[in-house]
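S.K.: These are the residues of each chain, in order.
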Amino acid sequence: MTQDAPRHPGLNLGRHHPEAHAENEKLMFGFWVFLMSDLILFGIVFATYASLTNPMGQAGGPTPRDVFSLTSAAMQTAILLLSSFTFGLASLALKYRQPSLRAWLAVTLLLGLAFLGLELRDLVQMVADGAVPQRSGWLSAFWVLVPLHGLHVAAGCLWLAVMLVQVTLFGLTTQVSTRLARLSLFWHFLDVVWIGVFSVVYLGGLA
Amino acid sequence: MTLETGRKELRLYVIGFALAATLTAVPFAVVASGTVPRDVSGWVIALCALLQAMVHFRYFLHIDFSRQKREDLQLVLFSVLLLAIMAGGTIWVLANLSARMMP
Amino acid sequence: MYIALAFVMMARAIAEAAVMRLQQALALDGGFLSEAHYAELFSTHGTIMIFFVAMPFVTGLINIVVPLQIGARDVSFPLLNSISLALTAVGAALMMVSLVIGDFSTGGWTGYPPYTGIVFSPGEGPDYWIWAITLSSVGTTLTGINFAVTIYKERAPGMSFMRMPMFTWTALCSAILMIFALPPITAACVMLALDRYLDFHFFTSDLGGNMMNFANLFWLFGHPEVYLLILPAFGVFSEVIATFSGKRLYGYASLVAATMCIAVLSFTVWVHHFFTMGGSPYLNAVFGAATMTIAIPTGVKIYDWMATMYRGRIRLTVPMVYALGFMMLFVIGGLTGIQLANPTISYQVHNTLFLVAHFHNMLVPGVLFGMLAGYTYWFPKVFGFRLEDRWGYVAAYGWILGFMLVFFPLYVVGLLGMTRRTYDYTTAAFQPWMIVSAVGAGVVLFAFAALVIQLVRSIQGRSALADTTGDPWDGRSLEWSIPSPPPAWNFAVLPEVKDRDDFTRQKEGGAAWNPAAQYDDVELPRNRAVGVIVFLTGTLLGFALVWHVWWMAAAMLAMIVALVIWIGFQGISTETVSAARVYSVDCDFLARKRAALGKSAASGVNTVDPVGRARA
Ligand code: HEM
Ligand SMILES: [Cu+2]
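Protein chains in written order, with the working numbering: chain W, 1 to 207; chain R, 1001 to 1103; chain P, 2001 to 2616.
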C-alpha cells in the first residue's frame, strides 16, 4: 500500500519515511477504532438517558425545565465549537511547521478549561437546587451522561498540557506529531458527542 | 505542500466552522423562541444535529469519499449502523415495556 | 533473549491454567451445600467459565496464531497487548481473592439487579463481580482493537482479505465483537456500581429506576459475547478439517460471508434472552425471527465442513476427533436454540434446565472442543514438540461421552419443569436423570485428568515427540512454514503470499525449503515491566473498590494516570537483530528440515512424516 498523498491531513512526516508512515497509519487507524468503541459507550448511555426521560423516570422530581439553562448550554456549545476550530488551526500549524502551533494549542486548552468551568458551575447549581443523582432515575442518567463527556474533555485537557510540554522539550519529532494528530481526532470527536448532548439533553429537554 | 494548499485547507476549516455554527444556532434559536410547536422543533433539532455531525466528520475529522479514506469511512459507517441498532433497540425495547406497564 | 510476545503467551498460559484449576476445584464441590454456598458456586462457575476461561483461551489462541498466519512479526501494539493481558489477569485475581477474603456474589453470572442491588445484596459479593468484569472488559476491548489493527495492517505482502486463512477471518470478526459488544457491559456494570455505592437509581425498583434496562444492556453484550467465543472455534475447526482432510477448504467465500453475517446478526437478537419480560408480541416476534436467521449461516458452515471432508484423505487425529464430535453435537444444540427462539416455547422452558442444556451444548462441544482442538493442533508450533496421542484420544472421547451424559438428561428434566439454579428439589422423577448427569460429570472430570496426564507425559517424552520440520501435520497456512517454536522474529523474511493455502502452494511448487534471496535486520520491541505494574495497580484498585478503601482507590487511579503519562515520555525502545543472525538461524532450520525429510525418503520409513499420514 503505497500512497502518494499523505493519508492524514494535518500531518507532515515527509515523504522519505515510509516506515514512519506505516507506523503512523497503524496508530491512527487503531485510534479511530478506539473512538468508535467509545462512541458505542456514549450511545448506550444516551439510550439509557432517553429511556429514563419520562415522568416514570423522573419519579415526581425535577424535570429538565426546572434545572437546565439554555443560555449556559449555548455558551458551552459555543466555546467547545470554537475550541474545535482553534485545534484545526493548530493542526494546520503542525502540518506547515509554523511557530504558532503552541499558541493555538494553548488557546484550545484554555477554551477547554473554560468549558469545564461552566459545566462545573451548572452542576454545582443543580446540587444546590436538589437535582442530585439520588433523586430520580432520570437525574442518575443525566449525572452519568454529561460528566462522562466532561471527564473526556478533562482527559483531553490533560493530554493537551502534556503535549505542550512535549512539543517544548522534544520539538516536532515523529512521535510528537502523530500524538498531536491523534489528540486532534479525540478533541474533534468529543465535539461531535457534544452535538448529541446539547441536542438530546438540553434542547430536547427544553423544547 | 505549498502555501497555496495551506490556504485552501484553512478555508475548509473556516467553511466547516461557519456551517457548524449555523447548524448550532438554528435549533437553539428555535427552542429559545418558544413559539415553535414541540414536534416540529424536535425534528429541527434532530435534523440539524445529524447534519452538524456530518459537517464535523467532513471538515474537522477529514472523513470523505476519497480512496485513502475508504477504510476510515467504512469503519465509521459500520459503527454508526451498530450504534443505531444498539441505541435504537434499547429505546424501542424499554419504550415498549413502559407502554405495556401503563395502567 | 526472549521476546515480548513469548512472554505474553506464557503469562497468559499460566493465568489460564491457574484459572482452570480453580474452576475445576470449584466444580467438584457441587453438591451437599447450603443454599448460599450453592448460589456462590454457580455464580463463580458461570463468571469464571465465560470471562476467565473461555475469553482468555480464545484471546490467547488468537494472539499466538494470527500473527503467524498472516506472516507478521507480532501484533501491532505489543505494549497494549501486555496491558490488556494485565487487565484480564486483574479480573481473574479478584475472583481468586474473593475465595479467601469475603464472599462472592450469589447473583449468577448475569448478575441481575435488583437482586444484586444494595437492598437485597448488601454484602461485598456483587462488588467483586462488578469490578472483576468491569476491569477485564476494558482489557478485552483493548485487545479487540489490537487484533483488528493487526489483521488490517500487518498482513504479509500479497495477502488480500480473500487469501486470509479462515481462522484469521474468524479472529477478525471476534475482534469486531470485542470492540463493539463490550461497551454495554462496561456501562451496565458501572451503572450498577453507582446504584450500589452512591445510591443512584438506574436499576432500582424505586424512584424511576428500570431494572429491565440492565437485562437489556447485559444481553446487548451477552449475545454477541457467545458468538465472540464460538467464531474462533469455528475458525479452528475450519483449519483442522481442511488440514486433516488433505483438501482445500470447501466454500471459502461462503464461510467468510457466513462469519460476517453471524457477527452482524449477533447484534440483532439480544431480546431472546428476556422474552418473558412481557414485551409486546410484535417485539418478541421480531427478535424471535432475527434469532432464527442466525441458524442459516451456521448451517452453511456445517455443510461446508462436510463438503471439505467429502472424498478427502481423512486422518483421524485428536483435533479431528474433537471436530467430528463438535459437528454432531453442535447441530443438536443449534436445533434446541431455534426452539428457544420461538417466544411461545421460551415462555415454557425459559430458565429451566432445558435452557442450561442448550447453552452448554453450544459452549462445550462448540467453544471448548474448538479450543482443545486448537490447543492440540498448535501446541507443537509453540513448544516444538507434539502432544502425546493416546491420552489425547482418551481425553477427546471422554469429553464427548461425558458431555452427552451430563447434559442430555438436563433437556429431559428441563422439559419436566425443573428450574435452573435450584439447590434442592422435591420431585422424585428428576432424580434418576440427575444421577446420570452426575456420573457424566465424573467422566468429564476423568477427561480433564486425561488432559493433565497427556501434558505431563508429553513433556517427559518431548524428545521423541519433537517437531523438527516445523510442519508436523502437513499444514496449509504460513505458520507451518517456520520453525517450531518460532524465533523471536517469526519470519526470517516476510513471505510473499500468492495463494489462499500459501504454504501448500510453496510445498507443491518446491519453494518451501529454499533460503531467501536477501535477509534484513529485524527490529523487535523490548520487553517492559508495564504489564506487571498495571496488573498490581489494577488488582489493588479493584480490591480497594470492593472494600471501600477510598484512599487506596484514589492512589491507584492516580498511579495509572501517572503511568500513562510516564510512558508518553519514554521513547519506543527496540532492539535490532542483525541480518546475519537471522540468516544463520534460518539456514540451520532449513538444513534440519531437509535432513529430516531426506532421511525418511531414503530409509523408506515414515518416521518424521506428518502425523497420521502413515496410518492413512
Ligand atoms: C443457532 C444458534 C442459536 C440460537 C437460535 C440460540 C437461541 C437461544 C435462545 C432463544 C436463548 C434464550 C432462551 C431462554 O432464556 O429462554 C439462548 C440462551 C443462551 N444461549 Fe443460545 N442460541 C444459539 C447459539 C448459541 C451459541 C453458539 C452459544 C454459545 C457459544 C449460545 C449460548 C447461549 C447462552 C450462554 C444462553 C443463556 C445464558 C443464560 O441465560 O444464562 N447460544 N440461546
Ligand atoms: Cu443469545
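What the hints contain is simulated information worked out from the structure, not anything from laboratory work.
Do not rely on the hints blindly, as some may be mistaken.
Here are the simulated BS3-like cross-link-like pairs (lysine-lysine), alpha carbons at most 25 angstroms apart as the crow flies [to be verified]:
| hint | chain 1 | residue 1 | chain 2 | residue 2 |
| --- | --- | --- | --- | --- |
| 1 | P | K2153 | W | K26 |
| 2 | P | K2507 | R | K1069 |
| 3 | W | K26 | P | K2498 |
Small disclaimer: the values here were computed from a predicted structure and weren't measured.
S.K.: Failing hints, ascending?
M.R.: When the structure is compared with the hints, only number 2 turns out to be violated.
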